[in-house]
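Just need the whole structure built from these sequences, with the hints factored in.
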Amino acid sequence: MAKNKSLSQFPPLVFNIFKPARMTSYDVIRHFKRNLPAGYGKIGHFGTLDPFASGVLMIGIGGAARLNEFIHDLLPKTYLAVGKLGIETPTGDYESEIIQRDDSLYLKREIASFSAKFIEDRFKEKFLGEYMQAPHKYSASKFMGRNMHEWAREGVEVKKEPVLRHIYDIQVVKYKFPYLSVRVTVSSGTYVRTLFNHMSNELGTIGSLIALVREKIGYATIDNAIKKKNWPQEKQFDVLKMGTPIDEILPFDRVQLTESQTISFKCGAFLKLDQLEITKRNFSDKYVWMNDEENTLFGLGHKESLGELRPKIKFHLGEQDEF
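The sequence shown begins at 659 in the numbering used here and counts up by one.
Check before you lean on any hint, since a few could be wrong.
What the hints assert, rightly or not - With a Cα cut of at most 25 Å, we get these calculated DMTMM-like pairs of lysine to aspartate or glutamate:
#, residue 1, residue 2
1, K775, D827
2, K766, E746
3, K944, E788
4, K700, E892
5, K784, E873
6, K782, D731
7, K938, E906
8, K886, E873
9, K766, E778
10, K944, E906
11, K832, D761
12, K944, E966
13, K930, D911
14, K899, E917
15, K924, D943
16, K834, E783
17, K899, E860
18, K766, E860
19, K834, D760
20, K834, E755
21, K782, E860
22, K885, E906
23, K970, D905
24, K961, D950
25, K924, E951
26, K972, D731
27, K930, E892
28, K834, E873
29, K832, E768
Quick caveat, the hints were computed from the structure, so don't treat them as lab data. On a predicted model such as this, the values are computed, not experimentally measured, just so you know.
Structure, rendered in structure tokens:
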């Protein structure tokens, strides 16, 4: 069993932060590291948000941070993407120079006359459901241990194979040629810059983003996100009030164990599922949050095919270990 290097005085919590544009995701982490009260344990974010983008950035402390793979795999993300048709930039957004313009009559006469409903119907027919997408060359996707955008800025062309993503919903919010606003709900790992470019291609032109807002990750929305004016300052921050328990962010089934079951589970023993009273939450059938006899969250169990519950993760003073 791995040893804890940074114990926390707090349970595993997630902060729903509103990241302003022109800040990196790590700028936000750095601020919280400097200003959170002592004893927050390890800290990390769940999914990078590009510097030019704003919106929901989820930050975890006290063991929550290492559940990134669950949030990444299980919680869809909703974005409002505002783009301009007829231009293309290397990065797919306004932060780099325009390298190509579409001056065609088709753009100016035909595409300009499309209705918002026509565009939305076309996008839904083409993109809803399974969607193959390669990581953008100016992205944080890794290649040989480095971010792809680092290779790109050094002039090294890196090509990665397309990966299966999922598009859950598409809404054309506004169309005033050449500006197009689209709200999309997508699986994690989907690059909206690339998706907008593909959408522009579907209309018969090119396009790049001028603004991007991440409106939602799972149940965390910009409406209840913590704005910058309310971020921690000089160690003053009500961690328990401002944070959301990890078992509310990831609403797996839940079970409360007896004292003897808790001891057995903490020692790595498997438990029989048919001997447990599991509270169903209709989110995922693979995992179960484990509460002890005092109804305090202490771990996560994985349902095995033989009808057993295997220890997966445990929390100790808010920090987590693999069993």
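Results of checking the hints against the structure:
no. : hint        : verdict
1   : K775 / D827 : holds, 14 Å
2   : K766 / E746 : holds, 16 Å
3   : K944 / E788 : holds, 23 Å
4   : K700 / E892 : holds, 19 Å
5   : K784 / E873 : holds, 23 Å
6   : K782 / D731 : holds, 23 Å
7   : K938 / E906 : holds, 13 Å
8   : K886 / E873 : holds, 16 Å
9   : K766 / E778 : holds, 19 Å
10  : K944 / E906 : holds, 16 Å
11  : K832 / D761 : holds, 22 Å
12  : K944 / E966 : holds, 11 Å
13  : K930 / D911 : holds, 15 Å
14  : K899 / E917 : violated, 29 Å
15  : K924 / D943 : holds, 22 Å
16  : K834 / E783 : holds, 22 Å
17  : K899 / E860 : violated, 46 Å
18  : K766 / E860 : holds, 16 Å
19  : K834 / D760 : holds, 17 Å
20  : K834 / E755 : holds, 23 Å
21  : K782 / E860 : holds, 11 Å
22  : K885 / E906 : holds, 21 Å
23  : K970 / D905 : holds, 15 Å
24  : K961 / D950 : holds, 18 Å
25  : K924 / E951 : holds, 13 Å
26  : K972 / D731 : holds, 20 Å
27  : K930 / E892 : violated, 48 Å
28  : K834 / E873 : holds, 22 Å
29  : K832 / E768 : holds, 17 Å
When held up to the earlier numbered hints, the structure conflicts with 14, 17 and 27 and fits the remainder.
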